[in-house]
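Asks: Just need the whole structure built from these sequences, with the hints factored in.
Chain by chain, the residues run as shown.
Protein chains: 4
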Amino acid sequence: MSRKMRMGMVGGGRGAFIGGVHRMAAALDGQIELVCGAFSSNPTKSKLSGKDLHLPPERCYGSYEEMIKREKELPEGERMDFVSIVTPNHVHFGPAKMALENGFHVVCDKPLAFNMKEAKTLERLVKKTGLLFALTHNYTGYPMVKQAKMMIKKGKIGAVRKVVVEYPQGWLSTRVEATEQKQAAWRTDPKRSGIAGAMGDIGTHAENLAEYMTGLHIKKLCADINIMVPGRQLDDDGNVLLEFDNGAKGILFASQIAAGEENALRIRVYGEKAGLEWAQMEPNSLIVKWLDKPTEIMRTGVGKLYPEAQHATRIPAGHPEGYLEAFGNIYKNFSNALRATIAGKKPKALDLDFPTVEDGVRGMRFIEKVIESGKSKQKWIKF
Amino acid sequence: MSRKMRMGMVGGGRGAFIGGVHRMAAALDGQIELVCGAFSSNPTKSKLSGKDLHLPPERCYGSYEEMIKREKELPEGERMDFVSIVTPNHVHFGPAKMALENGFHVVCDKPLAFNMKEAKTLERLVKKTGLLFALTHNYTGYPMVKQAKMMIKKGKIGAVRKVVVEYPQGWLSTRVEATEQKQAAWRTDPKRSGIAGAMGDIGTHAENLAEYMTGLHIKKLCADINIMVPGRQLDDDGNVLLEFDNGAKGILFASQIAAGEENALRIRVYGEKAGLEWAQMEPNSLIVKWLDKPTEIMRTGVGKLYPEAQHATRIPAGHPEGYLEAFGNIYKNFSNALRATIAGKKPKALDLDFPTVEDGVRGMRFIEKVIESGKSKQKWIKF
Amino acid sequence: MSRKMRMGMVGGGRGAFIGGVHRMAAALDGQIELVCGAFSSNPTKSKLSGKDLHLPPERCYGSYEEMIKREKELPEGERMDFVSIVTPNHVHFGPAKMALENGFHVVCDKPLAFNMKEAKTLERLVKKTGLLFALTHNYTGYPMVKQAKMMIKKGKIGAVRKVVVEYPQGWLSTRVEATEQKQAAWRTDPKRSGIAGAMGDIGTHAENLAEYMTGLHIKKLCADINIMVPGRQLDDDGNVLLEFDNGAKGILFASQIAAGEENALRIRVYGEKAGLEWAQMEPNSLIVKWLDKPTEIMRTGVGKLYPEAQHATRIPAGHPEGYLEAFGNIYKNFSNALRATIAGKKPKALDLDFPTVEDGVRGMRFIEKVIESGKSKQKWIKF
Amino acid sequence: MSRKMRMGMVGGGRGAFIGGVHRMAAALDGQIELVCGAFSSNPTKSKLSGKDLHLPPERCYGSYEEMIKREKELPEGERMDFVSIVTPNHVHFGPAKMALENGFHVVCDKPLAFNMKEAKTLERLVKKTGLLFALTHNYTGYPMVKQAKMMIKKGKIGAVRKVVVEYPQGWLSTRVEATEQKQAAWRTDPKRSGIAGAMGDIGTHAENLAEYMTGLHIKKLCADINIMVPGRQLDDDGNVLLEFDNGAKGILFASQIAAGEENALRIRVYGEKAGLEWAQMEPNSLIVKWLDKPTEIMRTGVGKLYPEAQHATRIPAGHPEGYLEAFGNIYKNFSNALRATIAGKKPKALDLDFPTVEDGVRGMRFIEKVIESGKSKQKWIKF
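Residue numbers (my numbering), protein chains in the order written: chain A, 207 to 589; chain B, 207 to 589; chain C, 207 to 589; chain D, 207 to 589.
In case anyone wonders, no lab produced these hints; they're calculated from the structure. Do not take every clue at face value.
Said to hold, decoys possible - With the Cβ distance kept under 10 Å, some of the chain A side facing chain D (calculated, not the full set):
1. K368
2. C428
3. N432
4. M434
5. G456
6. S461
7. E478
8. L497
For each residue, glycine too, the CB sits at the ideal point set by N, CA and C.
Replies: The following block contains the structure:
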């Protein structure tokens, strides 16, 4: 019988941010059911969080270990199908590894892990188990990002020559981590965030977006990594020169001290024949700048778009689809692919369009390399 | 025990548009569960539609009458709590009336009914039964619409002098109803749509938005109602002069032959001290134009906003919230109010912020009056 | 020998606004030389104003009568070729009539005159004398307005169905005319402005722009004319329904109490195949909205534009041309046509692209009719 | 007696681009009169060009040497006051040097010279002679650039932390210099342009804008300089990391292969308290992004602006002032300062707000250093 895919969540208890996002994204299309969770390492808090979500208390676990163990013991028609990991960076590896080792598919927030060693271990495990693994680089879920990717792939703008990708935020312009701000606290703490701050938190999104959209890989980089707010231990700003594998050049910058910016991820790709521009804060427009003819505004749901873009669209043109819908596209594709997999079928190509553990490994390498370059006097570092 | 509110749906089977929107909007916050539906008047199609949604076949009914009757017979812990009506205009009244008469709360798509008589009957029934009734004038669900409403209410822009509200679309620029376009077919058919075309479909949204945001009521109007595409029976364009109860003047226009427009609902309100501007296609910005000082861009999630706006916001600034989130705010508030009501408590004021049957009656009057004015040689018609 | 055209100015002394605009617009292209002026009815002030402009005192006259008389007596190689009239509305007719009667060509600010009788007299005089007469409806001087006009003329958007033209300003939101504000004072004074306030000052610009761009004529109108600021004698706001001679419908609104608006003249024209949008405050873009394909942004200087648009462009794409350049296009075309006329040649068609006395007569009729309609209980008034 | 300042021009004959810009900019305010020119090194062409401009043939010279020599011999009341140099880069030094040595003030297009040696020579000459020297880094002439400069100077945004300045153009995306395109030809030719292409042509504008607006100086840079179009000899693209003298970091990029871009100079400056954003293609807006309160749009002519911004504004708010007006501000200030100087007075501070020979020397150093860095394997190069 037709059924929803069953999700167990690690993290995302009361007071968390990204956990709620994952739940809304997963719920949106009516294809996924949250059935259990280890919402907090504090069992009482986990139960209370689960109650908010109308879960039965017996499926609100005190730890991910408990959750995975117990769920595995449940009958097949009841136990969760996959684990969604929404904890801070230092608690990605543990639950991901254990889930994979126990036969559960995984959705994991980015960056993939705390360091490269963990990342490579997860990559091997995914390959070995054949389980599905989605990494929530959610910005690639927007229809117009997919349209841009396809236009580049199909040669509409000619060979890519220059990429400018930027991710300015302003919320860490002052030392908010010294206040009660929970989101700031772990992101600026090397013990929970890893070797990078802004570069790990949002720089990896920029890197992933640039590689996803262009289909190119970064080959070399030269990074200027900064701590602008006194007393902070991890980077809150960075500017990076890029060289891609086809010879294209680029700039990537990410900043959390760009005062007054909200979440202004933006990318421009210039090819031989046209330039493309997409901005996350107005995500339903893709600006196509042609050589010597009028600029076009491609829009979600308007006219002939590539199937990849249409597949990521839910409602008619002019009804803005936002962040949660883009995030939901990862869950939608993942759950479709999962349903097929469980049914012993090969997932459709369109449904496999979600970021994978390999993207996660590239993201971890990006973090390592920008931090290394930031400390180096040498201009270019190989990626 | 904590539980989700249980929804039964009338309409919204395969090939429908707004049914899926209602389902996504209802699912978003994890507070509502779709438990049954009469998705089509064709029982086989209803069952197939229900299967897509992972519903058990026995709760996919062949008619709304069957659904309401059978659900009523189910035990309290199982049967639906409310009915969501997502059919064309001529099938609002029947299920709404029957639901109310059988003790089910109602969410209904707009306009409220096929004509004023039906509308008034529903209004009386809601009053009589004391049941909750939400009308999905979804555009008032956007946070920045609520912020604007509160600013006006608190006197920030002084007395309102002028309102310009417009709703241009272009999708009926050609006679698409002559093709297979199901959405166009019923909207342009007087037997299913009622006496108005564009004015009923989108003019009422403009009217509702203007009254909701300003807190004013239309007192008089002068309408020029047009059929621009030959062969069409209902208006596809209209321009209306308005006078409000405080003496403010206004313009409302709605058009479905505004070639190339997507869904460009936009409102400008000018007061003695400032002007406000909000556009549905960039819904997270509210532009505040002051006399002789810099224009401000208020943004969803940025800075100090009124509680009404904050209550309608799910994610941090810069993560665009769109159409489904605004639509979901009606369901969220409705389900919160419903949960309180079922628990015998008084709903919170913030949760009662959704359009009601009274808004529906005003919308029906608007339809009647603009059509009447459109045929009149007299300048002003009392609302 | 090649020479500049010689201009004499009426009005525009110290403290004036539009006089300086005319001088800059006339000077821009190096084809016109200011040689004399009656800058003020106060001879001393006129001389001082002339000194600021580096004119010899003997050509700074105390009245337009004196200027026209004396200049006529100067030798042909020295005397002015044309008069530029930049006074308030009630002082357009006198100098225009006298200039024409004495063989001088005329550039005149809008509206053409104080009332229709004056306007018709000037129209007859222009016809009779064969002299050149330009009316500075400057907004039609923008390249992208011309591009839009040509697109419509060439059928690119199909038959026009709907026109929305608006001109909101906010500067009269309070009673600034009660202060020293010289510009507000005469515009709100029936003795100097005529029967209309906002409708004469800016409504006529909107009317002229709509007719120029579409090539259509207004056939009927229905106006709601308002005084929103207590104590004011002339309209400061108005909303007008329009019907054009091809059956297209429209809305025109003009307001000087639209708080926070600068000078937001904007027009949208919807045809069968596409919609056009142009806004004076971002004048180098023309938005072309197609049915079901991407919207295009046509830009001054980019790609293949009509000769009319190119002729109105001075610098390469991306170097914004503004208000003075558009204003200057009237002077440029006028001076080119004048040079040809003086040389006994027929001016080029492209150089005759400036507003004429006939446009002025239509503007005066617009003023008369909107004010008449504003007082009427009848819905439609013939234009 | 009051008189206009008399300008002689070097370059700018038929077919040139920037010469016409200089003439329009100089003419705009009616304070400068073009009296002579050496418009071309071809005497016939120079005379024909002068005829288009209504100059007497005897003041249309065949070379700058001739012009300077002959003009010097004219009586004081007749001869030019200053020379305006609008030739390609390799012909800046000659006329500038000779003009200064013969007592003429100078306006010169940027970059200052062909190489650093020339630049330093001119700097010494200006200092020695005490003559006025303006370099037309015209983008600093916009009112909102001046407003931003003053806001930073007055501490409104706190200490500057990050600067992002970019200047993308697309017109050299193909090898247009191989066609008849005169503008492309000299700019891509090392013999006429110097050691840099895009970096000299537009990169210096970006550098000058960043230093002017922030009041900071570049201390170190790390440049990636590229030739993207095969067969080209000079850079057509470059990405530069910056460090300023207060420790702020930055990115500068300039490109002439950014397909589809017009002239998209844009700057963002992030301070401790706010971020500023200004874009040349919408020059009348300055976006001020505050920490946690609404973004403000400052506009030319609206509200209380600094005197420096007001001084650079000609017309009321909402009447867009563009490229020529900004360019004209250099000429306006220069001519005001010149008039005072000639009268033996000290120019007003507001009138001395134009780029000088020192700015030109910094621009030449920028060119040298980015090219040097582009070839280096070392990360940072001292400026």
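Asks: Now tell me, hint by hint, if it's right for this structure.
Replies: Outcome of the hint check:
1. K368: Nearest chain D Cβ about 6 Å off; hint holds.
2. C428: holds (7 Å)
3. N432: Cβ of N432/A sits 6 Å from chain D, so the hint holds.
4. M434: At about 5 Å, which falls below the 10 Å cut-off, the nearest Cβ of chain D leaves the hint on M434/A intact, so it holds.
5. G456: Where the cut-off is 10 Å and the nearest Cβ of chain D is about 8 Å from G456/A, the hint holds.
6. S461: holds (6 Å)
7. E478: holds (7 Å)
8. L497: holds (6 Å)
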